[in-house]
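Novice: Model the placement of chain B on the given structure of chain A, informed by the hints.
Okay, here's what each chain looks like letter by letter:
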Amino acid sequence: MIEIVGLRKTLNGKRVLDGVDLDIHEGTSLVIMGPSGTGKSVLLKHIVGLFDPDEGDVCVEGMSVPSANGKQIREIRSKISYVFQNSALFDSMTTAQNIQLGLTAEHCRKVHALTDPLVLEAISHVNLEPEVLLLLPSELSGGMQKRVAIARAIVGRQKYILYDEPTTGLDPVNANVINRLIAQVQRETGCTSVIVTHDVESAFFLGDRIVLLADGKVRASGTPDELRHSNDPVVQKFLHPTLEEKTIGG
Amino acid sequence: MKPPSESIRSLGHWGVTTIRTFGSAGLMACATISALAHPREWRREAFVQAKAIGIDSLPLVLFVGMLSGSILAQQSGYQFNDLPMWVVGQAVAAGMLTELAPLLSAIIMAGRVGAGIGAELGTMKVTDQIDALRTLGRDPVMELVVPRVVAGAIVMLPIVIFANIIGIWSGWFTAIALLPMTTTEYIYGVQTYNYAPAVIFTLIKAVFFGITITFTGCYVGLRAEGGAAGVGRSARNTVVAIIVALMVLDVILAPIYKAVS
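Chains as they are written, first to last, in our numbering: chain A, 1033 to 1282; chain B, 9 to 269.
Bound conformation, chain B alone:
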């Protein structure tokens, strides 16, 4: 067992590291926000990034959205068997819009896009490309971070919208195929759900999640050290950090939604 003084030292070290991490992330966030004021510098690269992020990820997001809508319909049909069957439509719409579509899309994006950004920027860092940018008088935040963050925020909107649509559609398909209910009942259930605030909420979540994924990928990647192993660590740490950040953000956003709606 560790002596108490060593434990206190470890705790202190962890505290200092955490404060430093949040401090430097905060500084990078400020630099990113101030760089937004110069769209001429980043808009072309943001467009390139948006294409790469969105088109590559869409098929997988749609597939997972379809599965989650189907699972939600089956589970709510089995669990709420004492209630009228239109409740299934309401449960699928509520579940997809408020939670599953944005969160699952974001988790997929964390694995595909976040890890990719972490590895790409990590490789650039360990091969001196980031230092080269600096010596060439370019700002890595302006050149690399801002285009990715803007692209992430914009691209997550259609991705989450499509995930919602396909999830609610697959919920309907599953419900009429496997449960004793009709299309009319399902549509009635979806319509009874007060979905206007949920739609706004799902879009707000999409933007926040898109920013979180790309910003975290950039932040972790730009701090990579130590050759190929460092790049591997960077990709892994990016995914872990994004998923933790998404969950924390989700917990924070849920009561805000309840209060607003």
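This is chain A alone, in the form it adopts within the complex:
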């Protein structure tokens, strides 16, 4: 279980998170939703210790992330996979080597990436052909890069997978493919998924529970149905933006 208590963070003089409290239960799929710039990705980065909070705490299975030492943070990160918004694949490595990075360094030294059964299993899991393993990230389309990033996230069979805007920058068809893939991974591995998105359709498709962040705080939280029927005007405005707001928000 991941517990976030009273999390506050200021970046470049702006209060991005202003007392966020959140529990993420094992085996569930939590979607963190909200307009751009409300600290969704910052919140996610606190969970893996890429940011230290100004105040508050983040605990992964009882271990405090901000106060963890080097060994403890490695232990925490060994339980968590992170899919970055722009995939963050390593340019100089082949797809196979990129996926194998999700395994331990010791394993990578012993087994060649191209023939690694775990890598082959992961690539088939994300519905890509083994031929892709030889390619560099620059030779892949945006949707394929995303799938490789997800393969890297699942290859180590971590308990928690964090997705940062997994469908941003993809066309609707590819976005749909990625959403289905995330749901499939969640179903087949039983992992805990935390998905950050500002796409309402994706949120309702993927989330067992949805949290809406606004002004650095949890504005609303509940099942997709509870949120759909919420009386909060901020929630309704986010779920049903006017045409003008949609255009401005991109």
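FYI, nobody ran anything at the bench for these hints, they're computed from the structure.
Please note: incorrect hints may appear among the correct ones.
Said to hold, decoys possible - Beta-carbon label-pair distances, calculated as ranges:
{"no.": "1", "chain 1": "A", "residue 1": "H1261", "chain 2": "B", "residue 2": "R52", "range": "52 to 60 Å"}
{"no.": "2", "chain 1": "A", "residue 1": "V1266", "chain 2": "B", "residue 2": "A236", "range": "34 to 42 Å"}
{"no.": "3", "chain 1": "A", "residue 1": "G1094", "chain 2": "B", "residue 2": "G234", "range": "34 to 42 Å"}
Backbone N, C-alpha and C define an ideal beta-carbon position, used for all residues, glycine too.
Specialist: Below, chain B alone, put in the same frame as chain A:
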């Protein structure tokens, strides 16, 4: 004109930034040194980096080494025309070994290798690849910094040796072609120079310069921010920082050499 309080504030800000920079560079240096104890983790990548750094840079370093030996021979021949001509051989050997070969090679490496490392790691930083490494449980210092620093330290040795050899050779070629002197005089001049400590000094300089170039490239690159513009800034700042660091290091090493030799 700025009011005094604003100037004091700017000075204070600059002081704090400088202390922070040196502090974080010091921490990264400590992490690099402690990571050296695990060669299994970095040796394969160090070999890859050494090949990339050395082979790519060698032709340019040799070309500049050749030119500098030739210039040194001509200038010393023209300036010391009241002295015996074998002095030219001594001046070329001394100039190349103690200063020109290591420093010019290092400046070329700063432009080619240092800027390349700064841009490469800067790109990795702004595209979240460094954060991705961390979340994958890997240490960016172990994976990226140590292999480059080790490769830089090792590769600079043959590069500076070759630069010295070609510089002294081109000095000889220039001397017999343009100056009124013979091969015997030139060789006599080179031999009269007490070159044993200079050879050791040039090799020590090579290692220090190799470490400075690669470490600074890594440090500046890992602190890049702000997309493509940030990567450009990172490459530029790397070259400036390396050249300043090389000059400071050179000033510090010169009296040490004098005392030892």
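Novice: Take the hints in turn and mark each one as holding or not.
Specialist: Going down the list of hints, with the structure as the test:
no.	hint	in the structure
1	H1261(A) <-> R52(B): 52 to 60 Å	holds, 58 Å
2	V1266(A) <-> A236(B): 34 to 42 Å	holds, 36 Å
3	G1094(A) <-> G234(B): 34 to 42 Å	holds, 37 Å
The structure agrees with every numbered hint stated previously.
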